[in-house]
Structures are given as C-alpha cells and as structure tokens.
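Novice: Chain residues, written in single-letter form:
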Amino acid sequence: GEDVEQSLFLSVREGDSSVINCTYTDSSSTYLYWYKQEPGAGLQLLTYIFSNMDMKQDQRLTVLLNKKDKHLSLRIADTQTGDSAIYFCAETASGGYNKLIFGAGTRLAVHP
Amino acid sequence: AAGVIQSPRHLIKEKRETATLKCYPIPRHDTVYWYQQGPGQDPQFLISFYEKMQSDKGSIPDRFSAQQFSDYHSELNMSSLELGDSALYFCASSPNQISGNTIYFGEGSWLTVV
Chain A
1 GEDVEQSLFL SVREGDSSVI NCTYTDSSST YLYWYKQEPG AGLQLLTYIF
51 SNMDMKQDQR LTVLLNKKDK HLSLRIADTQ TGDSAIYFCA ETASGGYNKL
101 IFGAGTRLAV HP
Chain B
1001 AAGVIQSPRH LIKEKRETAT LKCYPIPRHD TVYWYQQGPG QDPQFLISFY
1051 EKMQSDKGSI PDRFSAQQFS DYHSELNMSS LELGDSALYF CASSPNQISG
1101 NTIYFGEGSW LTVV
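Chains as they are written, first to last, in the numbering used here: chain A, 1 to 112; chain B, 1001 to 1114.
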C-alpha cells in the first residue's frame, strides 16, 4: 500500500538552510506536495512537484525529486523563526483521484 | 483570493451527541475532500465528492456521513460521537478530482468530544 515517511524533528539555526526529507512508496504518484502547518492552524500548500520533474524552485523553497529512489526533499534557504512549523509531505494515492496520503510530518524548530 | 471556508471553527459536544461541520469550497472548485487529523497525527482522508457525487472513500466511520450540495458546499455529519472523534477536521477543495490539481485546505474545524 501507499506509505509516506518523514523524519519527525529538525532543528536549525536562524539563517541556515533547512532540508526536510521524505520517502514514498507509490511509484505511480503523479504529484507530490509539501504542506506547512503552524500550531493550531490549517494546512498551507507550500509547493508541489510533478513526477516528471527533478527540481522546482520557488523563492526560498527548492524541491528535489529522485524518482528512482522515491525520495523527495524540501530545502528552505535562509530559514527564519517564522518557518517554525510542521511540514507534511504528501503523495497522490494511486487510482487517479486526488486523495492525498500524508507523512507523519517533520517538526522544524528554528533557533537564534 | 477566496479560500476554503469551514464552520464552525470550534465545536464542543458530549458523547453520543451529533455534530455537523460545513465546508464552502473555493469558487469554481467542484471537488471537496474531508480529512481528520487527530492530536499529533497526520491528516487522514475520510471522503471526497465530485459534482455532488461521492468519488472516493477512506477511513470514515459508519457513524459519519457526508454530502455535497448543488452549490458545491459540503457537510460532514457525525453521530453517536465518541471521545476518539476529538480531532481537527479539514475540508479541502480542488478544481476537479483529476490527480494533479492543486488541493487547498481550509483552516479546519476543531471538534472536542467530552
């Protein structure tokens, strides 16, 4: 079945780059997503990548996709305290519909 | 830009009571999804609707039901509430159900069952 795995915690210093990693199992996933959730808040779509792409950049965010290894990463450049949140990786489940399978989320802590 | 609107934002119910959550998708989005996020958990897919018809079903208990109305808003009805139903319930919408359309989430409805 489909499964998405992420490391649970990441701590970085303000100004450094953060790299959040994710592995997925469904090779038929066509889109992979990154969502951000701040405490007590909803899910904010950060970015997404189509499976035939290797990289996507959007301002401070860079998404890298290694389809062979089913590995996805999100790099946040110049990490700020406002980036502290839980980051969820998600893949579209097989079947052609837009059902998302989420990872457990990575809690990013940014310290001075 | 208009986002997905959910109501109520917070709801407290007693065990065995019934709760109804409402979701208003982004204009011109005809697909609605419901997710449940337990404390410290990742969101779990419950059910989705496309053009007012159920399109997919996930781990939704039999005590729960949902529908999408002619104006595309959706309601999630939860009956015989249990303590374990306490969670954050998200609604999301997309332009259609085809894989790849970006999915936007609402702020969620917090349900506490006491």
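Warning: the hint list may mix true and false statements.
[Claimed, not checked] Among the chain B residues that face chain A by a calculated CB cut under 7 Å, a handful are:
hint: 1; residue: Asp1042
hint: 2; residue: Pro1043
hint: 3; residue: Phe1045
hint: 4; residue: Glu1051
hint: 5; residue: Met1053
hint: 6; residue: Asp1056
hint: 7; residue: Ser1094
hint: 8; residue: Pro1095
hint: 9; residue: Phe1105
hint: 10; residue: Gly1108
[Unchecked claim] Straight-line distance between alpha carbons at most 30 Å, and here's what the computed DSBU-like set of lysine-lysine pairs gives:
hint: 11; chain 1: B; residue 1: Lys1052; chain 2: B; residue 2: Lys1022
hint: 12; chain 1: B; residue 1: Lys1057; chain 2: A; residue 2: Lys67
hint: 13; chain 1: A; residue 1: Lys56; chain 2: A; residue 2: Lys68
hint: 14; chain 1: B; residue 1: Lys1057; chain 2: A; residue 2: Lys70
hint: 15; chain 1: A; residue 1: Lys70; chain 2: A; residue 2: Lys56
hint: 16; chain 1: B; residue 1: Lys1057; chain 2: B; residue 2: Lys1022
[Unchecked claim] In silico contact screen, one side only, chain A against chain B (beta carbon under 7 Å); selected entries:
hint: 17; residue: Pro39
hint: 18; residue: Gly42
hint: 19; residue: Asn98
hint: 20; residue: Lys99
hint: 21; residue: Gly105
In short, the hints are calculated from the structure, not lab data. Glycine residues also receive a C-beta, built at the ideal position from the N, C-alpha and C atoms.
Novice: For every hint, state whether the structure bears it out.
Specialist: Right, here's what the structure says about each hint:
no., hint, verdict
1, Asp1042, "holds, 4 Å"
2, Pro1043, "holds, 5 Å"
3, Phe1045, "holds, 5 Å"
4, Glu1051, "violated, 13 Å"
5, Met1053, "violated, 12 Å"
6, Asp1056, "holds, 5 Å"
7, Ser1094, "holds, 6 Å"
8, Pro1095, "violated, 10 Å"
9, Phe1105, "holds, 4 Å"
10, Gly1108, "holds, 5 Å"
11, B:Lys1052 to B:Lys1022, "holds, 15 Å"
12, B:Lys1057 to A:Lys67, "holds, 28 Å"
13, A:Lys56 to A:Lys68, "holds, 17 Å"
14, B:Lys1057 to A:Lys70, "holds, 26 Å"
15, A:Lys70 to A:Lys56, "holds, 16 Å"
16, B:Lys1057 to B:Lys1022, "holds, 18 Å"
17, Pro39, "violated, 12 Å"
18, Gly42, "holds, 4 Å"
19, Asn98, "holds, 5 Å"
20, Lys99, "holds, 5 Å"
21, Gly105, "holds, 6 Å"
Of the hints listed earlier, those the structure fails to meet are numbers 4, 5, 8, 17, in rising order.
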